[in-house]
Amino acid sequence: MDAILDLLSDPRRIAAAAFVALAVKSLLDRLTRPKDLPPFYSETPYIPWLGSIVQFATGPREFLQRAALSTGTGCFTVQLFGKQMTFLTGSDGHAHFFKARENQFDIREAYAMTVITFGPGVCYDCPQSKMAQQFAFFKNGLSDECFVRYMDLVQEEAASFFESEWGDEGEACLLESLSDLFTLTSSRCLLGDEIRAKWKSSGMAEHYLALDHSFVPILFFFPWIPNPHRNKCVTARKLFEKMFKETIEERRKNPSKEKSNDFLQVLMEAKYRDGTALTVTEITGIMIGVLLGGQHTSNVTGTWLMSHLFKSKEWMDEIMDEQARIFSTENLDETLHPAKLSFADVQKMEVFDKALSEALRLHPPFFQLSRAVKIPSKFKGYNIPEGHIVNVSPGASHRLPDLWGDDADSFDPDRFSPERKNDIKPYGWIPFGGGMHQCGGRKFAWNSLKVSLSWLLRNYELEFVGKGAEELPKEDYTTMVVAPTSSHTRVRYRRRKPSRN
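Position 447, counted from 1, in the sequence shown is what this note's numbering calls 454; the numbers after and before it change by one each time, with no gaps.
Any given hint could turn out to be false.
To be verified - Mimicking DSBU-like on lysine-lysine, the simulated pairs with C-alpha atoms at most 30 Å apart in a straight line are:
1. Lys318 with Lys474
2. Lys266 with Lys457
3. Lys474 with Lys320
4. Lys428 with Lys387
5. Lys42 with Lys385
6. Lys457 with Lys428
7. Lys481 with Lys320
8. Lys318 with Lys137
9. Lys428 with Lys481
10. Lys42 with Lys146
11. Lys260 with Lys207
12. Lys249 with Lys260
13. Lys432 with Lys457
14. Lys106 with Lys42
15. Lys239 with Lys355
16. Lys504 with Lys355
17. Lys432 with Lys318
As the list claims (entries may be wrong) - Pairwise CB distance ranges, derived in the manner of DEER restraints:
18. Gly210 with Arg427: 24 to 34 Å
19. Ser171 with Met327: 21 to 31 Å
20. Asp421 with Thr39: 48 to 58 Å
Quick caveat, the hints were computed from the structure, so don't treat them as lab data.
Even glycine gets a Cβ: it sits at the ideal position worked out from N, Cα and C.
Work out the full structure: start from the sequences and follow the hints.
Shown next, in the form of structure tokens:
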């Protein structure tokens, strides 16, 4: 009895006993594993319950690629922090994942940790039917048709940002600069002029960072653990909700005033199928989700693209030649600010499209996409049981030879040329996901990237310096969006000057 009391009085012994119990259970589960489950993959050292977390955390892409090539089944399971993580690879595996019914592969349980950031009753914290309607609002407000209204705003923000923050010449971290720029363009186009005007003066920029930092990868496995950013995140969300409430009330008080052409107005006018309008809390959560998603994926993808272009003179030359053709000139001086692009001009950027598609293939913003299995599923004769977390990994699959050939690690935008585009297998390119949960803001992000980077390349001469001049950045897997290491993204810049004839 005394020994038991001693054990219970020592937190370290309790933790050790709990770990041993979990380890024993993990080993028993492996020994009694049904034969119809997907192949179980592990590497030395394999630690019971923790599983392959060491290998996954230190090199997730390489680890999953080794698993896929070793099993050769397009379906395998690894253990991470006690969770049975089943990965589907290849065209058939991706199709199975994205075509599954909502009540079979549940996205809401898999992303329960987002409630901290978006708030209750939004996105993954509401019934499936309501979630689907909210995603429809995303798509309606971020379509090509809507982006036409945003064209001038994006260009104005780019000109204002670089002129005020960069000036004529100097050095800067491109990753950080694009992060700041896309935060401003997104806030202008999506949140509205009123909130954009208050962005810095009201402290919203600092509170936005609190929301941003709330996405901690470990929360995917343990959404219930104490989060040091939780209180700051809740405070930030309340501030955003207050600002949205004031803006919405002001707009509704002045119905005769010309309507704003921003995403906030779209959500103000949106109705659920039962005729009810969105609450301010719901609008706030959706706006935060769109802002975070758009800003993160854009600045990360833009930096990866520029890193590849500046190490591939052939493709950089083609990009710049295309810019000159769009402005019907051989003199890039004629494309300098204040020259503006039209939406038709953006659609003509076919070389840019190919290069951007290839950058997203090599560096998809989200390394993996997950669902919780609620109803067992059969794939290639294997049973994926309830309780597993089923995943696809754009970060790993996009570089597998069976999808992209033996040169899958090479930067080759011609993979997306008209002549070769038909070679891409169904569900082979999935940087924006697929199925009903395909990213609703992908068109907005795509067009924003083209417009902003076009402006930057036409107005500045750039070169990477330091480590980034010698090699491509490494992937930083410590955040939810896989960014390039900032130490490799410093650039030296100089404003292009009109030539004097």
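Hint by hint, here is what the structure shows:
Between Lys318 and Lys474 the CA atoms are separated by roughly 13 Å; this keeps the pair inside 30 Å, and the hint holds. The straight-line distance between the Cα atoms of Lys266 and Lys457 is roughly 27 Å, inside the 30 Å bound, and the hint therefore holds. Between the alpha carbons of Lys474 and Lys320 the distance comes to roughly 18 Å, so the proposed pair stays at or under 30 Å and holds. Under the criterion of a C-alpha separation no larger than 30 Å, the hint pairing Lys428 with Lys387 is consistent with the structure, at around 27 Å.
Simply put, Lys42 and Lys385 have alpha-carbon atoms about 13 Å apart, close enough for the 30 Å limit, and the pair holds. Between Lys457 and Lys428, the direct Cα distance comes to roughly 20 Å. Compliance with the 30 Å bound is thereby established for this hinted pair. Taking the CA atoms of Lys481 and Lys320, the gap is near 21 Å; set against the 30 Å cutoff, the hint holds. Taking the CA atoms of Lys318 and Lys137, the gap is about 46 Å. The hint is violated against a cut of 30 Å.
Taken as a hint, the Lys428 and Lys481 pair is honoured in the structure, with Cα atoms around 28 Å apart against an allowance of 30 Å. Restraint check for Lys42 and Lys146: the C-alpha separation of about 43 Å exceeds 30 Å, so the hint is violated. With a CA separation close to 25 Å, the supplied pair Lys260 and Lys207 stays within the 30 Å bound. As the CA atoms of Lys249 and Lys260 are separated by approximately 17 Å, the hinted pair is consistent with the 30 Å bound.
For a cut-off of 30 Å, the pair hint linking Lys432 to Lys457 stands: about 25 Å separates their Cα positions. Under the criterion of a C-alpha separation no larger than 30 Å, the hint pairing Lys106 with Lys42 is consistent with the structure, at around 25 Å. Restraint check for Lys239 and Lys355: the C-alpha separation of about 44 Å exceeds 30 Å, so the hint is violated. Distance hint between Lys504 and Lys355 is fulfilled; the C-alpha atoms sit about 26 Å from each other, no more than 30 Å.
In summary, the hint linking Lys432 to Lys318 is supported, as the alpha carbons are separated by about 28 Å, within the 30 Å threshold. Range check, Gly210 to Arg427: about 49 Å between beta-carbon atoms, so the 24 to 34 Å window is missed. Judged by the Cβ atoms, the range 21 to 31 Å given for Ser171 and Met327 holds: they are separated by roughly 25 Å. A hinted range of 48 to 58 Å holds for the C-beta pair Asp421 and Thr39, which are about 51 Å apart.
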